[in-house]
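Just so you know, we're using our numbering here: the first sequence kicks off at 631 and counts up by one.
Worth flagging that the hints you see were computed from the coordinates, not collected in a lab. Hints may contain errors.
To be verified - Straight-line distance between alpha carbons at most 30 Å, and here's what the computed BS3-like set of lysine-lysine pairs gives:
#	residue 1	residue 2
1	Lys668	Lys645
2	Lys932	Lys1005
3	Lys1005	Lys877
4	Lys1101	Lys1171
5	Lys668	Lys1101
6	Lys1056	Lys877
7	Lys1101	Lys637
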Amino acid sequence: MIPLELKESLTRAIKRAQRHGDLPAFEMPEDIPVERPKQEDMGEYATPVCMQLARLARMAPIQIAEILVRRLDPPTFIGTVETAHPGFINFRLADDWLTAQIAPIQAAGESYGQLDLGAGQRVQVEFVSANPTGPLHMGSARNAVLGDSIAATLEAAGYEVQREYYVNNAGSRMRLFYETAYARYAQALGRTEEMVPIDGYQGPYMIEMGEQIAEERGDEFLCLPREEALQELGKLALDRVVAGARKDLALMGIEYDCWFSEQTLYTNGQFDTIMSLLRQGDYLDVHDGAVWFMATRLGGAKDEVVVRSDGTPGYFASDIAYHYNKFVERDFDRVIDVWGADHQGHVPRMHHMMQALGLDPSRLTLILYQLVTLKRGDEVVRLSKRTGDIITLREVIEEVGSDAMRYFLLSRSPDSQMEFDLDLAKQQSDENPVYYIQYAHARISSILRHAGAVDYGPADVSLLQHPSELKLLRRMARLPEVIHLAASQLAPHHLTYYAYELASDLHGFYRDCRVVSSEAEDSALTAARLDLVRACQVVLKRVLGLMGMNAPDVM
RNA sequence: GCCCCGGUAGCUCAGUUGGAUAGAGCAACUGCCUUCUAAGCAGUGGGUCCCGGGUUCGAAUCCUGGCCGGGGCACCA
């Protein structure tokens, strides 16, 4: 990657200057910073390193900059190198290098920007994992969008990624869910004396599901002993909810590699394994009738209940067994869990759990995103699954579309709390950035259609010298860096900004440069520009793909 | 009370881990369609980077003390 090569180049220049006596001897800084200048006319890359060296060398920064430029043997992709006050060195990419990128970008196609940052490491991204007690609501949308794009970005960065959904089918909530399902089913068959539990799920979707099951299966569950009926019917209802989640996520183009059942942690022995491991490590304590994980032994603020006094394992027990399964049984190098900020309190105990299992805590990353406030105009929409007052994910997808929803939810950093105004999202749908970006892609398709099958002869990319052409090329060449940034920070919102800027450069180019010329003497230029827009389309499609958005040919 | 995340243009938010004159989109205003899609382009206005103090060549960014908003501190998940 370009910044890395510049660092190496600069390091060599410093050493060379020292060897020749231009600079005094001093210890090389750990890192040579290479950044992007704020203003376009300063070039594409810059280093402020001379300011840092000024003290070590006891010289003026600008003087050091001039020495380094003289001793620099810049990489071939660099066109010009300049110094600037108070001590910057600015680099500009060479025009002929830029135009030479068109062919490799086209050749790379869908894999343009592919990095080897992950070196094939296996990483699991677990996301959404909402309780399977009803349809997915808007609260899960940000989780879904973040998780899927983080996964895609890591793939692009050279990791082998597995997408996983954790089905919480073993908790105490399940019992209530089963009883609710049973009551609604029985009610649908006229048993009005069956009541939904007070803490049960009041939503209309449960009524609907009860009716559907009653219609399809008749009264067969009423004929079973109650406990058996609860289990059988409950399982059926659970499967329906999970299938519904799968369908909703598929509407956003999200497909999982694995739907992991919490229940299997208990039937396949992982729970027993971690209990004996923790016991061996002397991390367990029994008091007040419950079994506790002694997080305080590892610096935690308080101990945590693993097995309740009624003998049932708690949520944390499943978490430990689940992560043992991920790291030890399935041997992932890294695991990323995407959680809402309401789970932030669990972060310390997860690290303590890793330590207790003898695993390096840095292999587990917990992405916490701030919750989304849903609004309709000025009104805040409260979300509660149990009162049934929910806005479902599906409703919003149908209202604003998958692409718009993904773009909006992705475009803010996970740390920022955000408002999602349903009215505004609808109202702005023609003026929103989603269409601006997609239009750039469609616009290129349109140009290519217009060019048709005419043979313009060989392309001479050296004819691409217009500032708008070069600006576009500079942006296209940046994608690998953006992927690097998004992958290393696990921050896919950088993709949205890049995509917008790329689209903007394409639109500017379109204004300034006519692609398909009818003049015979322009054919070499036309061929070159067609190559340019084809390559640009590859980049647009690639970044849209990483964001999980469609790249339409017609709008 | 303690812990986590925010506070940047009228609004919604970026700011590449400490660099140059703090950016973008919406909203407002002014222009541009007879040629590859005007879902586009060009331009204008808009700032106490929440408030003190500190660290250094240099702070929106780091440390510290406040203020405001959100979330969390269960044998719930």
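Right, here's what the structure says about each hint:
no., hint, verdict
1, Lys668 with Lys645, "28 Å, holds"
2, Lys932 with Lys1005, "37 Å, violated"
3, Lys1005 with Lys877, "25 Å, holds"
4, Lys1101 with Lys1171, "19 Å, holds"
5, Lys668 with Lys1101, "15 Å, holds"
6, Lys1056 with Lys877, "23 Å, holds"
7, Lys1101 with Lys637, "24 Å, holds"
Of the numbered hints listed earlier, the single one contradicted by the structure is hint 2.
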